[in-house]
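Fit chains B and C to the supplied structure of chain A, relying on the hints for placement.
This is what each chain is made of:
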Amino acid sequence: MTTPVEAARRAERARRWRRPTLWLRLGLLAALVLVPVVPSFQLLDLALKIAVFAALVASYDILIGYTGIVSFGHAMFFGFGAYGVALAVTRGGGPTWSDLGLGLAAAVGASALVSVTIGAFSLRVKAIFFAMITLAFAEFALILAVQLGPLTGGEDGLSPRFPGLLADRRGAYYVILAVVVILFGAMSRFVGSPLGRVLQAIRDNELRAEALGYRTFVYQSVASCFASVVATVLGACYAVWVGYVNPESTLGIHIMLDILLMVIIGGIGTLWGGIIGAAFLLTAQAFLPNLRGLGAALLPGSALALRLTERWPLYFGILFILVVFFFPKGVVGSVRETLSRRR
Amino acid sequence: MRRAAPGALVVGLALLPLAAIEPRVYLTLTIAGLAMGMLIFLVAAGLTLIFGLMDVLNFAHGALFSWGAYAGFTVLVLLNQELGWAEAPSVGLNALLLLAAVAAAAAVGLVLGVVVERVIVRPVYGRHMFQILITLGATIVLEELIRIGWGPNDQVMPVPFTFQGSWDLADVIVLRFPVVAIVLGLAVYAAIALVLRRTRVGLIVRAGVENGEMIQVLGHDIHRYFTGVFAAGSALAGVGGLMWAMFSQSVRPGMGGEQLIFAFIVVIIGGLGSVSGSLLGSLIVGLSYNYVAFLLPKAAIGVTMALMVVILLLRPAGLFGSGK
Amino acid sequence: MAETLLELEDVHAYIGQHHILQGVTLAVRRDAVTVLLGRNGAGKTTTMRTIVGLLHPAHGSIRLEGHPIHGLRPYEIVRRGVGFVPEGQGIFATLTVDENLRVARLGDDAEARARLARVFELFPDLARFRDARAGALSGGQKQMLSIARALVNPNRLLLVDEPSKGLAPIVVEHLVEALRAMKAHATILLVEQNFAMAQALADEFYLIDDGRTVHHGPMAALVADDALKKRYLGV
Chain A
19 MTTPVEAARR AERARRWRRP TLWLRLGLLA ALVLVPVVPS FQLLDLALKI AVFAALVASY
79 DILIGYTGIV SFGHAMFFGF GAYGVALAVT RGGGPTWSDL GLGLAAAVGA SALVSVTIGA
139 FSLRVKAIFF AMITLAFAEF ALILAVQLGP LTGGEDGLSP RFPGLLADRR GAYYVILAVV
199 VILFGAMSRF VGSPLGRVLQ AIRDNELRAE ALGYRTFVYQ SVASCFASVV ATVLGACYAV
259 WVGYVNPEST LGIHIMLDIL LMVIIGGIGT LWGGIIGAAF LLTAQAFLPN LRGLGAALLP
319 GSALALRLTE RWPLYFGILF ILVVFFFPKG VVGSVRETLS RRR
Chain B
5 MRRAAPGALV VGLALLPLAA IEPRVYLTLT IAGLAMGMLI FLVAAGLTLI FGLMDVLNFA
65 HGALFSWGAY AGFTVLVLLN QELGWAEAPS VGLNALLLLA AVAAAAAVGL VLGVVVERVI
125 VRPVYGRHMF QILITLGATI VLEELIRIGW GPNDQVMPVP FTFQGSWDLA DVIVLRFPVV
185 AIVLGLAVYA AIALVLRRTR VGLIVRAGVE NGEMIQVLGH DIHRYFTGVF AAGSALAGVG
245 GLMWAMFSQS VRPGMGGEQL IFAFIVVIIG GLGSVSGSLL GSLIVGLSYN YVAFLLPKAA
305 IGVTMALMVV ILLLRPAGLF GSGK
Chain C
-17 MAETLLELED VHAYIGQHHI LQGVTLAVRR DAVTVLLGRN GAGKTTTMRT IVGLLHPAHG
43 SIRLEGHPIH GLRPYEIVRR GVGFVPEGQG IFATLTVDEN LRVARLGDDA EARARLARVF
103 ELFPDLARFR DARAGALSGG QKQMLSIARA LVNPNRLLLV DEPSKGLAPI VVEHLVEALR
163 AMKAHATILL VEQNFAMAQA LADEFYLIDD GRTVHHGPMA ALVADDALKK RYLGV
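Chains as they are written, first to last, in our numbering: chain A, 19 to 361; chain B, 5 to 328; chain C, -17 to 217.
Please keep in mind that the hints were generated in silico from the structure rather than gathered at the bench.
Since the model is a prediction, treat every value here as computed from it, not as a measurement.
Footprint (simulated), chain A over chain B, 3 or more residues, beta carbon under 8 Å:
1) 134 to 141
2) 268 to 276
3) 298 to 308
4) 313 to 320
Glycine included, C-beta positions come from ideal geometry on N, C-alpha and C.
Extracted from the complex, chain A is given alone in its bound form:
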């Protein structure tokens, strides 16, 4: 005797192979796998960064889109992962797998602990306060990294080297890609699980969820912990790829800003929107500096033109504002809405 819920779920699963989104994702994966064939390091670098940040944005989306927690500390956990492996590998003698593993485990443990501790605050203070507190903590982490010079290399940071397969560009690429795919799978399962549904209920109406008997704080802590741990692992991947870890590039506020912009472009609450957000932003960041050359070519000799095109972050900021105004649901969100309306 199957219950209606089970029957519905089974039907949903059967339909899965016919849904276009699944094929889109497989296609994207195939494309990413084939990228190393193209002999361009710039492309390889871009592709990998898109993959890592897409997953990072998705983890943030779990926090903000699915659980409804506004936090500015997410980049901090990313930094934890990066610093964790970098420290373990540089300070632990030689680049070995066990060092790497230890560093990663320590970072994950720290992230889990910190996220639950910060989460405890959310019980006592209002949402807006909580957002500001996470920002304060993130800044604190940054300053700590700068000030603990002897340990962390201060402002100059660390240049770790990694063992075995990871030392080779192609090897690192595939290992990280595999990790990203696994993480996406985990996040997707998390969101679709009964736990994920409870979280969405909490996001939509916390009081009601509590009235229904769910200890919202526990669920929110679990979600927060999960999201932070994913971010930490991704931070480690980033450190492995870039081979250089310093406060500004891994803990700085602009990573948080980038995440925010990517999640807005992709769409809050869509999980996979992170892919589009990351692709768009990182590609733009890679090619916009060339605008300077374009400006110089079109209007040679004009200092103002040079200055205007040199500061491409300006257009960034304007784009940011326009996207928030006109596409509050992001690309994926708007597409989903249009499609559901047509049905």
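Same frame as chain A, now just chains B and C:
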């Protein structure tokens, strides 16, 4: 009792380091701490009122701080280049110059504030997430415009002659500029308190901070007050920026962002919507930072964070917060 | 019709996705007390909030003395002579009693001062605690303050939402007396769960159920109609 406790806290905090620091150094540090606190207060006061009344998280406040600094910087440099007012050893001219710079900073802050409120903030009333994003976007744009207009590098900020250096009072070195900052901060606090408690506008703002909906159904156009408060807060941020630039003797395009985090911590400690809370919070932050920086330089920011955490654990809405 | 001060016609209103008001039609007669009755969640408070402009009707019209006021901002509606006494009083706890009254006063001429004097006569407690923080007042005194605020302006229509809520019976008695005294000067639209109070004050009633007006008529008729009372009010 409830209102006396935080004041006692500040006094206690201020006296504590006497145990570890020699009195003369202590006095210098205290003045520096009070000055730093006052400068943060200028930024935090506007921020807390904007949040209290409008429920808007204004991340663009830092950019207004920077613009105020650069506006004042331009005035100072121009008047100094043309007329030598900064270098002249005349108290009158120096004071006039300072006044001109402050006026410029306030005016620029005010105008930009009105523009930001109308164009950027108004369309997203009530939606916190979008306010945060959009004011961040505005910050990026505003800071980039500074880089385009004045160049991306740090520049030296001229300080009028009279306010440079220090006085030597019975072997105690008292830096001049911090004293100016303290006096200005107190004057601003007194002015705000006067407006809030003695004028009709202040009454409406106080009521609106407590219950925005009710003030509307009592016949007041709250949007006009929104713009007014936002503009006033922005003007204050601009002046704060100018003063900070003179305090640290440099201007940097990113200076606003760096100070904004202090302002946020102060607003959290003081309670959203409370100007007195911001004053107290600023003094706590300014004093503790300076004392600790002297004793254990690396621990300064850590102690500030720890203070914030402790205060929040005891008073989750901040020292004078109304639980908003 | 100079007889009708306030008119709602087929008003629909949403809170978020929820269709709260699904067709409210009512007419408030000048110089009478009209009461909105109904179960919890029927939409009475939402109706009041829509009249005063805190919610915009998605459909339908609201007219004050023949002029449409739907879609106007609250301050514009209130300045046309509407006093709002919300559920839960809505007083400013951090302001003094005097400041609460001052912030409500929209004029400062001799008439306004005379009105203020009359308010203090009506509510002597408020005069006594004039400089006290409003938050320190008792429940009954806060309700008096909330009503007093609506009386400091020359308001022709008073919207009073559940004034007796949470108050002790003896306080409610005093409240009824105060409202009866006000009857002479203003038109009152009242929302009240306390049937005895409604009976003591109202001339006409409107029954709201599921966001719709389902019945209306003179109060005396409702008092006599047990079946109707049982069906919609459970009394």
